[in-house]
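**Q** Chains A and B are the protein sequences, given in the same order.
According to the numbering used here, the first sequence is numbered sequentially starting from 250.
According to the numbering used here, the second sequence is numbered sequentially starting from 3.
Because the hints were derived from the structure by calculation, they are not lab data.
Every value quoted in this text rests on a predicted model; they were computed, and no experiment measured them.
Where hints are given, some of them may not hold.
Said to hold, decoys possible - So the derived list for chain A, only partly shown, Cβ under 10 Å to chain B, looks like this:
| # | residue |
| --- | --- |
| 1 | Thr295 |
| 2 | Leu394 |
| 3 | Arg398 |
| 4 | Val400 |
| 5 | Val403 |
| 6 | Thr414 |
| 7 | Phe422 |
| 8 | Asn423 |
| 9 | Leu581 |
| 10 | Asp582 |
| 11 | Arg585 |
| 12 | Val590 |
| 13 | Ile603 |
| 14 | Leu604 |
To be verified - Here are a few chain A residues that face chain B, going by a calculated C-beta distance under 10 Å:
| # | residue |
| --- | --- |
| 15 | Pro390 |
| 16 | Ile412 |
| 17 | Leu416 |
| 18 | Arg418 |
| 19 | Leu547 |
| 20 | Met583 |
To be verified - Which chain B residues stay away from chain A? Per the calculated CB distances, all over 10 Å, these:
| # | residue |
| --- | --- |
| 21 | Leu8 |
| 22 | Gln118 |
| 23 | Gly133 |
| 24 | Leu152 |
| 25 | Thr254 |
Where a beta carbon is used, it is the ideal one built from N, C-alpha and C, also for glycine.
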Amino acid sequence: MSLSPGKSTPTAGWRSRMRAAATSLSQVVLAAGIGLIIGAIMMNATGYDWKEAYQALWLGSFGDIWGIADTLADATPLILTGLGFALSFRAGYFNIGAQGQMIIGALVAVAVGSSLVAPKPLGMIVVILTAAAAGALWSLPASFLRVTRGVHEVITTIMFNWIATYLARYLVFNVMNDPRSAERTVRVLPEVRMGALVAGADATWALFVSVFVALFFYWLLWHSPWGFEMRVAGLNREALRYAGANPTWAVHLTFLLSGVAAGIAGATQIIGRPPTFALYGDLSNLGELGFDGIAVALIGRNHPIGIVFAAIFFGALSTGARMMQIMAGVPLDMIRIVHGVVIIAMAAPETWSILRRYIGSRVPARANAAGASRTER
Amino acid sequence: MLFSSLIINALHAMVPITVTATGEILSERTGLVNIGMEGILLVSAFAAVVGAEAGGPLVGLLVGMLTGALIGLIHGIITIYFRGDQTISGVGINVLGAGLVAFGLVWQWGQAGFHQVPRDVRLPHIATPLGSLSPMVFVAIALALLTYYLINYTNLGLKMKAVGENPAAADAAGVSVERVRLFGAIYAGALAGLAGAYLSIDWLATVTRSLSAGRGFIALATVVFSGLNPLLAIVGGLIFGFFDGLALVVSTSREITRVIPYQFIQMLPYVVTLLVVTGVIGRARFPKASGQPYRRE
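Generate the whole structure from the sequences, applying the supplied hints.
**A** Next up, the structure:
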């Protein structure tokens, strides 16, 4: 993987660590910029006013307190699906099953949240924990197939995503359906619904659940022995074996925790996102959040704290896109194009230095020169 | 009646899987993996309809192929010349493809999510005793045979093998690793583009934002199943095609959907893919340099 986790070794000084952070931040800004520029070119080519569109995007996402609250509400599940992807990526796996794990988590959240009678905070906690467990269970077959049969996780997780989608459609219409409203499930009980942060806006306490999980993942990755094993597994699986650890266990733990994050994302979309508090049959209130998490993780550099900020960026894009559609008439899906371009731009971190080499030797790549002189010393 | 429609549906469902898998097999022989097949299928399905509505079904097929080839070329440039990560680029193509088609549907036809392809721009079918059959069934089989020949019995095939197994040695022997891989990237893109065009202007006769419905990934599973042998891509395509077709036929039958909900029938191709991939893998061997960018020392 070219986005090698942990570019700076633990022994490297703060100076080189700062330099690595600056390089990675500039790559992130560049990729996001390329995404927005290509978006503008696309809008121009298809006859939309890109300036008006981006103005609306900004107004919708950060223009007032409600815009900011909606941005944070959109960021809430993205933090979680991003974390799920990032954790597996750090361990060297491409787990793109967050979509399915999230769907299963949402189904369990509806089932538990609509039937469980419990005092206020306890009920919410039970809903979140059961959804997390369900997401983890839905994630595990992929890691077992990878470990025991060598099947690539990209294939298995996508298949599980589709199976989860059809399972959800069946359950929403036939088992959990609300007799008063055919297109959605029954609503969860008022006791398990999370309160709004700003009256009349979509952001709820679920935001803090996401941030808590991000902090937990940060602790896990860099301050726990399991996290160390996961990161080593991503860098060099053989080394882990020689060190006496069990690589198989690290794989299962990784997939399990990725599933936990995605499962919680499903739960917060049900109990922490007004005004629905139920799951629609077309799964529209889950959207493509599982896949959006990939872009979030890549832009967040697969670091839990970076992911929180990246999720706010993408949350702003999706919130602003609604205003963009209303004010400039640009279809919502424009933003998905930006997503895709950003991911592709993140695929080739060396592009810049290679281009610089082609453009002319009179502009020597400073980063390379600095790196070389340090190794000589 | 049910029997013949099952066979016709299986053959029709085989085409996109076999054609897409065949192209990707050639690409993976050179060590280049593109998991963006799903995105290529979608975008080229859309582009093919735009082309077909302007100049007829054959133009549509051509436009679809060129669109796929272009995306393959971009993936190739990013991963070969800029040493980008093949998996990330592929995922990016999938996300971009979904966005482009959803956006394009609104922009081109002013409809969100669905466009019916007019009858006169669809590919004409051949009448057979079993029912009307798409000529693309024969094209798919011919492409698999052609690719098998190309890989195993030509000079270029030998170069591809060398580049996939040991790029440094191939480079030393005077083979351009970059060019051979770029050929693989474009070939895989073009074939996926043809398969995408087939989805929209032939078999399914619609454009939707989820037209490909995971078939790009089922094709990738078929690549794994085939052990990089294009002849087995025909077999794999038929297995998946049978269940894909079965789902289409059975979900319209009231007697069956009363017993088994149609959502479970629609799950079949994905469950079967999982089962087949689980049962088969282990004996497949992939090129040593698969998935890794080549850099000259």
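**Q** So, for every hint listed, does it hold in this structure?
**A** Verification of the hints:
no. : hint   : in the structure
1   : Thr295 : 5 Å, holds
2   : Leu394 : 6 Å, holds
3   : Arg398 : 5 Å, holds
4   : Val400 : 5 Å, holds
5   : Val403 : 6 Å, holds
6   : Thr414 : 9 Å, holds
7   : Phe422 : 8 Å, holds
8   : Asn423 : 7 Å, holds
9   : Leu581 : 8 Å, holds
10  : Asp582 : 4 Å, holds
11  : Arg585 : 3 Å, holds
12  : Val590 : 6 Å, holds
13  : Ile603 : 6 Å, holds
14  : Leu604 : 8 Å, holds
15  : Pro390 : 8 Å, holds
16  : Ile412 : 5 Å, holds
17  : Leu416 : 7 Å, holds
18  : Arg418 : 5 Å, holds
19  : Leu547 : 7 Å, holds
20  : Met583 : 6 Å, holds
21  : Leu8   : 21 Å, holds
22  : Gln118 : 19 Å, holds
23  : Gly133 : 28 Å, holds
24  : Leu152 : 25 Å, holds
25  : Thr254 : 16 Å, holds
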